[in-house]
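Trainee: Below, each chain spelled out in residue letters.
Protein chains: 2
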Amino acid sequence: MNLVCPVPLDRYPQVLLAHGGGGKLSQQLLKQIFLPAFGASETGSHDAAVFTANQSSLAFTTDSYVINPLFFPGGDIGSLAVHGTVNDLAMAGATPRYISVGFILEEGLPMETLWRVAQSLGQAAQNCGVEILTGDTKVVDRGKGDGIFINTSGIGSLDHQQTIHPNQVQVGDRLILSGDLGRHGMAIMAVRQGLEFETTIESDSAPVHREVQALLSAGIPIHCLRDLTRGGLASAVNEIAQTSGVTMALRETLIPVEAEVQAACELLGFDPLYVANEGRFLAIVPPEAEQKTVEILQTFHPQATAIGTVTGKSAQTLGLVSLESSIGAPRLLDMISGEQLPRIC
Amino acid sequence: MNLVCPVPLDRYPQVLLAHGGGGKLSQQLLKQIFLPAFGASETGSHDAAVFTANQSSLAFTTDSYVINPLFFPGGDIGSLAVHGTVNDLAMAGATPRYISVGFILEEGLPMETLWRVAQSLGQAAQNCGVEILTGDTKVVDRGKGDGIFINTSGIGSLDHQQTIHPNQVQVGDRLILSGDLGRHGMAIMAVRQGLEFETTIESDSAPVHREVQALLSAGIPIHCLRDLTRGGLASAVNEIAQTSGVTMALRETLIPVEAEVQAACELLGFDPLYVANEGRFLAIVPPEAEQKTVEILQTFHPQATAIGTVTGKSAQTLGLVSLESSIGAPRLLDMISGEQLPRIC
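Those protein sequences? They're chains A and B, same order as listed. Going by this note's numbering, the residue at position 334 of the first sequence is 1107; the numbering climbs one at a time, nothing skipped. Going by this note's numbering, the residue at position 231 of the second sequence is 1004; the numbering climbs one at a time, nothing skipped.
Calculated from the structure, these hints are not laboratory results. Incorrect hints may appear among the rest.
Which copy is meant is left open, because identical chains are indistinguishable; a pair holds if it fits in one copy or across any two.
Claimed, not checked - In silico DSS-like pairs for lysine-lysine, Cα to Cα no more than 30 Å straight-line: (1) 1065 <-> 804; (2) 1086 <-> 804; (3) 804 <-> 917; (4) 797 <-> 917; (5) 1086 <-> 797.
Throw the hints in and build the complete structure from the sequences for me.
Mentor: Take a look at the structure:
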């Protein structure tokens, strides 16, 4: 057990919003506080952890949802809490089976709001084919919470023999994106800022486990999967590159972003590559599987496409991902450092 | 799907602290909102739910911890979050194996506080023999949380053939209490109120899975187990009596309460039978197993003792539990109705 707090307290005396942003500070918290305290290895930082019970492999994951506002175009905190956890299981290649639901409610929350969220959560679980097995409700005094926080934990079964993990990534592998980027984050920001566009930007919040099942059923030898939530695509590729010890090259012109989302990003000063998505993922597959992977994913989202390649090995932790921009110049794509969009999920 | 909120909104337009208190209003929320929305049966209201994966039976549970203050005599939110979930698994007769940890932190939380809680949580997990398999951290803006909230979900394995569930309770069964009552709740209240007694009241926060394992190993045919958290002993026996369709008789003089705890209860106007415990449980066993159960539990806590009997069948939902008080007169022991001690766990 450590006797002195390993976080430099002169620099970070307090927890910042960015410590929950899925970027560099989140990783510091994980590496300096949680992993040593919990006696856990770094593989625990993957979306879901795999364990074995009586010769069957299961995946286990947890996520808390603190999104503000509770309702947004394309979803709400209830359906989001199901999709997020279902997707974390899918990213481990597991079939989502069971979830738990823990509510932390703020005293004074309108009862009808709770009811609407519960209905949406139940409906989403049914749509995803997962059973809500157990739950818990706590209420905190007025001003000590913010309406509704939800934790969902999920259990999935691994019904195949593939190992899907960053350590499976190989030089030459292709990066396949499952659809367009940035809609969840910009839908939330548009509501918060009261922005109006010609068409309302809808969140991409959706389950992706059926996409993954389709790839597995088709025999695609998936090396790694990652959903593009907090920190967006940029943070996801950096995290994988670090864990896998590889460099990657992405081409910006290949990355699909809807015109409305692009406009909102420019207006608000965001880079869509760092914006959170809740229904998009990256599949890393060997080059010979690229075409078939894209074809299968396009049956779900017409904009699914290959966006880059694993270019080499590297023992560095920085400068691993390069992006060839739309004007042709390459630049380094770093992990998100601060907090771009607090409470996006 | 319901089209109208089934909670009477004229009476309960908003969520109250008591909706999280483990008593009547908590049950209403469960029955009127959550169970219908989640398509779940009422068996889900048991401490942990059991499912089967490839012929092995597993238990799954979740709990959020919002206790205030974060540190108290005998424990802190970190160790409590492990003990509570380990105990919920134990109450289903499961051996606790894996837990997940979800933090919701408030911006501005001192980093050292987080570190101390994480260390304590990790230490408690190690002491309980459970592995922390996966985690998540969210940060909410200042004033929208309260320092630290923790959700832990747990997975346990059922390594025996017994069915431990309220529906196994039979007329003639004995109620065995695993130790003295009221210490957790009164330890928290003493800190909140700034009360000082000759000796500091320490919380009973502790894992109880080893007690349960000892009973199972000894071949005790356990019918039902229930930990005595929110709502205390009184709510637990009422909940079991309702689910089992039985009446029960308890003798107050047999129920152990430490003198300091009794004094604190009298001073603050609490009934120790309604006060939350975090390391005490009730075992319901057939009469022929009473003596052996008490003997085994006394090797863990000298005050473990038989406190009552299942007296008959009943289809009522009220007036199921009678208490013979210390002056000999019987009275009905009802479930907690309001919120006696908010944010006790």
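Trainee: Among all the numbered hints in the text so far, which are the ones the structure does not match?
Mentor: Violated: hint 1 alone.
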